[in-house]
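For reference, the chains in residue letters:
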Amino acid sequence: MTSLTLVRIIKARPEIVFDLCVTAEGIARWWGPDAGPVVISEADPRVGGRYRLRFRMLDGNEYESSGEFLEVTRPQRVRMTWLWDGDADATLIEMTLRPVPDGTELTFSQSRFPDEKTARGHEKGWSGSLDKLAAAAEKAAA
Amino acid sequence: MNQAERLDRTFAVLSDSTRRAMLARLEREEALSVSELARPHAIKLPAIMKHLDVLADAGLITRAKTGRTVTVRLQPKPMREAMEWLRRYERFWNTSLDRLTLLAEAREAEARKAGR
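If you're matching them up, the sequences are chains A and B in order.
Take 1 as the starting number for the first sequence in the numbering used here and just add one per residue.
Take 1 as the starting number for the second sequence in the numbering used here and just add one per residue.
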């Protein structure tokens with residue numbers, strides 16, 4: 001289990017969803033903090049391959065991020081590290097795709113790791129799902 | 001310690017179910033003695049003390065000694081920080097996954113139209 005988990009049912013076959021998740025052309029069209037464009041998108045979707053993304057936000061600011069593919073299993077699973085430029089705060093992103101009658105169930109998760117080496121060494125991330133943490137944290141913050 | 005390091009520490013601390021249960025109880029009851037905290041857990045007192053050390057080192061609780069009793073209290077700030085981190089990325093990914101969903105569904109419709 002990881003720290004942030006989101007599940008979507010998408011009415012499209014897993015291959016279509018998967019390619020949008022790993023190719024430079026695909027990632028450029030959906031990945032980003034707001035509706036601003038992705039100005040640079042490069043991706044080499046194989047184990048050890050890297051990707052780089054530069055976002056231009058609606059306020060004009062640009063932010064760059066990059067990472068490494070740790071697992072690329074079409075069309076079931078992709079795992080990658082993700083790091084904002086100038087940040088020491090690397091995270092692990094994992095997308096798991098499962099065929100369902102309507103299309104694809106996508107489970108997206110992001111977990112925190114101090115650096116990319118640690119991410120590579122970890123398989124499970126933290127135990128404790130977003131729900132659990134959110135419930136605990138909301139109580140604590142109340 | 002910077003914020004990233006604090007967050008890593010908070011999440012590491014929260015990865016243990018005994019510690020999560022202790023924090024949840026402290027939230028409900030405000031202040032508890034160590035023996036009261038230990039009571040519902042099927043583990044020995046030294047193990048409880050170790051969990052309390054971890055929680056205190058991460059700034060999630062404070063301990064105060066009055067006579068022979070140690071009172072434990074919750075410190076909400078690190079949890080609040082962890083929650084803000086989760087919320088920020090939850091927004092980021094929800095927005096992104098909305099776009100991915102629309103895009104994938106449009107491509108599926110195109111593929112079907114093309115008879116694939």
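It should be emphasised that the hints constitute simulated quantities derived from the structure, not laboratory data.
Glycine included, C-beta positions come from ideal geometry on N, C-alpha and C.
Incorrect hints may have been included.
Stated by the list, open to error - Stretch by stretch, here's where chain B covers chain A in the computed footprint (C-beta under 8 angstroms, at least three residues):
{"no.": "1", "segment": "50–61"}
{"no.": "2", "segment": "65–75"}
{"no.": "3", "segment": "97–110"}
To be verified - So the derived label-pair ranges between C-beta atoms look like this:
{"no.": "4", "chain 1": "B", "residue 1": "62", "chain 2": "A", "residue 2": "23", "range": "46 to 56 angstroms"}
{"no.": "5", "chain 1": "B", "residue 1": "42", "chain 2": "A", "residue 2": "88", "range": "51 to 61 angstroms"}
{"no.": "6", "chain 1": "B", "residue 1": "94", "chain 2": "A", "residue 2": "101", "range": "21 to 31 angstroms"}
{"no.": "7", "chain 1": "B", "residue 1": "80", "chain 2": "A", "residue 2": "39", "range": "30 to 40 angstroms"}
{"no.": "8", "chain 1": "A", "residue 1": "62", "chain 2": "B", "residue 2": "21", "range": "37 to 47 angstroms"}
{"no.": "9", "chain 1": "A", "residue 1": "34", "chain 2": "B", "residue 2": "67", "range": "49 to 59 angstroms"}
{"no.": "10", "chain 1": "B", "residue 1": "42", "chain 2": "A", "residue 2": "99", "range": "23 to 33 angstroms"}
{"no.": "11", "chain 1": "B", "residue 1": "95", "chain 2": "A", "residue 2": "11", "range": "39 to 49 angstroms"}
{"no.": "12", "chain 1": "B", "residue 1": "63", "chain 2": "A", "residue 2": "107", "range": "35 to 45 angstroms"}
Evaluation of the provided hints:
no., hint, result
1, 50–61, "violated (count 0)"
2, 65–75, "violated (count 0)"
3, 97–110, "holds (count 5)"
4, B:62 x A:23: 46 to 56 angstroms, "51 angstroms, holds"
5, B:42 x A:88: 51 to 61 angstroms, "39 angstroms, violated"
6, B:94 x A:101: 21 to 31 angstroms, "24 angstroms, holds"
7, B:80 x A:39: 30 to 40 angstroms, "34 angstroms, holds"
8, A:62 x B:21: 37 to 47 angstroms, "44 angstroms, holds"
9, A:34 x B:67: 49 to 59 angstroms, "56 angstroms, holds"
10, B:42 x A:99: 23 to 33 angstroms, "42 angstroms, violated"
11, B:95 x A:11: 39 to 49 angstroms, "19 angstroms, violated"
12, B:63 x A:107: 35 to 45 angstroms, "40 angstroms, holds"
Going down the numbered hints, you'll see the structure goes against 1, 2, 5, 10 and 11, while the others check out.
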